[in-house]
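2 protein chains.
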Amino acid sequence: MEDQVNDPIATLLTTYNELNSASIETLYEEPSPLEFMRYVARNTPFVVRGAASGWKACQEWNAEYLKAALKDSEVNVAVTPYGNADAPTPLPDTDLTVFAKPHEELQPFPSFLTYLQQQSSLTVPLPPSHSEIRYAQTQDNNLPHEYALLASSVPPSIPFARIALSRLPDATNLWIGNSHSVTALHKDNYENIYVQVLGQKHFVLLPPVASPGVNERLLKGARYKRSDKGELELVLDEDGGEVPFAMWDPDVPEKHATKYSRLVRPIRVTLDPGDFLYLPAMWYHKVSQTGCADEGICVAINYWYDMEFSGPLYCLDTLVRSVDEKRKAEENKNDGVE
Amino acid sequence: MEDQVNDPIATLLTTYNELNSASIETLYEEPSPLEFMRYVARNTPFVVRGAASGWKACQEWNAEYLKAALKDSEVNVAVTPYGNADAPTPLPDTDLTVFAKPHEELQPFPSFLTYLQQQSSLTVPLPPSHSEIRYAQTQDNNLPHEYALLASSVPPSIPFARIALSRLPDATNLWIGNSHSVTALHKDNYENIYVQVLGQKHFVLLPPVASPGVNERLLKGARYKRSDKGELELVLDEDGGEVPFAMWDPDVPEKHATKYSRLVRPIRVTLDPGDFLYLPAMWYHKVSQTGCADEGICVAINYWYDMEFSGPLYCLDTLVRSVDEKRKAEENKNDGVE
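First to last, the protein sequences are chains F and Y. Here the UniProt record's numbering is used: position 128 in the first sequence is 128, and no number is missing along the way. Here the UniProt record's numbering is used: position 134 in the second sequence is 134, and no number is missing along the way.
Hints are computed from structural coordinates only; laboratory data are not their basis. Being a predicted model, the structure only gives us computed values, none of them experimental. A portion of the hints provided could be inaccurate.
Since the list gives no way to pick one copy over another, a pair counts as held whenever it fits inside one copy or between any two copies.
[As the list claims (entries may be wrong)] The list that follows gives simulated cross-link-like pairs (lysine-lysine, DSS-like), each with its CA atoms no further than 30 Å apart:
hint, residue 1, residue 2
1, Lys229, Lys259
2, Lys328, Lys56
3, Lys328, Lys259
4, Lys259, Lys326
5, Lys259, Lys333
6, Lys259, Lys67
7, Lys229, Lys328
8, Lys328, Lys67
9, Lys255, Lys220
Chain F with its partners taken away, still in its complex shape (with noise of 0.2 Å):
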C-alpha cells in the first residue's frame, strides 16, 4: 500500500486491474455498430465465436483453392531464421539486441505454399531443406492489391466497425504462415478486427497501460539478407534508426521483467476459423500460430480502422510513458549512471 501511495503507475496498474475484466468478453454473434461502440469506448477486446463461418473464404479456401487461384502470382514472403520477423534479436558476434526485420523476396505463390506445408509437420532442429521460416505477412493493404483476386471472398471492411466508427478500414490485410512464425509483442494505432480463417491463432494481449511493464528499449534495425551462398545474414541497418520495442515477453515473464510487470495481467485467446478478435487501438499484442490439421497452414485478415487521437485514451498512454520516462531517469540519476 504504502508503494502504491508513492508509485503512480503502481496505483494506475491496480485500479485498472480492479475495474477491468481479466478475461475476454465472447459473444456468440457479430454485435451492433452501437455496441460494438460501447467496447470502443471502454477500449476494451471481445472475440464473436464463427461470425465469419459464412464467408466464402471460411468455406472455400484451402491450400488447393489457394494455389489454384494464385497460380500465376508471385507474392511477397518474409524469410527469417527463426520465425522472428520484426522481433528482437541478438545481433551475431556482437551484444547489441535489434529489432530483426525479414528478408523480403518474391517467390511464386503455389511453391511458397507447398513449402509451408511441407514445413508444418517439422520439429525444430528444421532440415536444411526447410530451415528457413517463410511468412506472407505485408501489412500494406495487400489483400485488395497483391492478393486481389482473393478479394472477392471477404467482405471489403465489417459492417459494424465501419458503421460505429464512420470510414472505410485503413488497410485490409492478409497473413499465410505455419506454426514456425511468432509475432512479437508489439501494438498498433489502429482499431483491429481480426478474422480467423484456416488454423489458429494464439493472442497474448496486454492493455495499453502495460506499457511501463514491457520493458520497451530503443532498439537498432537489422535486417537479414540473402548472402551469395543463400545463407540469410542479419546486417544492421546503415541509417543508425532506433526503433522502440518490448522486451519483455508474457510467455517468459521472468526475462527482461521491470518493476511493473507483475501486476499486468495477460489475456490469452485463441481464434478458431470463422472466429474474430476485436483487438482494440494500442493494445499489446504476441500472435503465434497453429497450421490446420490437413495442410498445416494458417490464414488469417485483418481489418485496420484509424484510431481516434482526441479524447482520454491517447492521452493516458502519452501521460503513463512520460512518467515512466521521468521515473527511469530519476532512477538512472540516483543510482549514478547519470
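Take the given structure of chain F and dock chain Y to it, following the hints.
Relative to chain F, chain Y alone:
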C-alpha cells in the same frame, strides 16, 4: 520544451490541447444513439440547439404555470447569503476557507417563486427584504418525487442517451433559481444531459485532465443555519470531515492558480431555452444563470446517467491525480515543509 520533458503533467495538457477542440461542438438536431456514443467515447461535450423546444415544459412552463401546478406544494429550498451553495467560502472570524453547504428548509412553492421573481431585478447590495439567495437545487432525483406534479411535462429519459448507454437515468433533477446563484466549479461521476427550460445557463467547462490546474484542496465542511433571529450563520460541521474541492475559478484565473492553470483551456457555452448540453463524465463545470426576461427565473432539468468506470477515462483521472499528488509531496519536501 525542456520544462515539458521533465513534467509529465505539462506534456499531458499540451498533448490534450493539441488533439482536442478548444470550442464546443454545436448540433442542430439530436444525435443518434451511435453518434452520441462516439462523443461518450471521446469524452467530448456538445450542445444541441433547440432540441427540447417541443417539450411541454419548454412550450408551457412559466411562473404562472408552475405556481398553479404546485400551489399546494412545499419544496426544499437551499438558502445562502451570497448564492454560494456548495462553494468554497471564508468562515467568518477565522482564517479557514470551508465548503459551505446551504441551509435547507421547506417553503411553499408559490411564495418561493415570487421571492425569486421579485429579487431577480435587484442588484447587490440586496435590500433586507430580499437579502437571502434561494435556489431549488436538490440533486436527489427530485423531478419524479418532489416535483412529481411537473414530471409529465418532460420525457422520463433522453432516448439517445438511454439507448446508447443502455440504462435509465440514475437521477432526473429540476433546478429553479435566479441570477444570484452560482454553482462553483466541480465535477460529477455521471454522464450528464442538461436541458434549459427558462432563462439561460452559462457554463464554463474544463476536461478531466485539468485537475492539476484547478487547485483542489481539502476543505472542512460547514453549513448555513438559520439563527433564532432568522439570520444565516455558517457553522463548521462537527464531524471534522473534509472534502476535496477546486479553489481555482476560471473566471478569476490569476487567483488560486497552480503552475498548470495556464495550460487549461476553458470552454464556455450558454444554454438558451430548448437547448441540450452533453456534459461528459468527470468534466469540471461552473454554472451561472440569467433569469428569463419576463419573469426573472431560471429553470433547467438534468439527467444523470451512471458513467463507465472501466476503460481509459477513470484510469486517466486516477493517474493524473496520483502524479500531481506525488509532485506536490516532493515539492513540499524540498521546501522543508514536510
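For each hint, the structure was consulted:
no., hint, in the structure
1, Lys229 <-> Lys259, "neither (45 Å within a copy, 64 Å between copies)"
2, Lys328 <-> Lys56, "neither (51 Å within a copy, 60 Å between copies)"
3, Lys328 <-> Lys259, "both (11 Å within a copy, 24 Å between copies)"
4, Lys259 <-> Lys326, "both (15 Å within a copy, 18 Å between copies)"
5, Lys259 <-> Lys333, "both (17 Å within a copy, 25 Å between copies)"
6, Lys259 <-> Lys67, "neither (49 Å within a copy, 65 Å between copies)"
7, Lys229 <-> Lys328, "neither (45 Å within a copy, 63 Å between copies)"
8, Lys328 <-> Lys67, "neither (52 Å within a copy, 65 Å between copies)"
9, Lys255 <-> Lys220, "within (20 Å within a copy, 49 Å between copies)"
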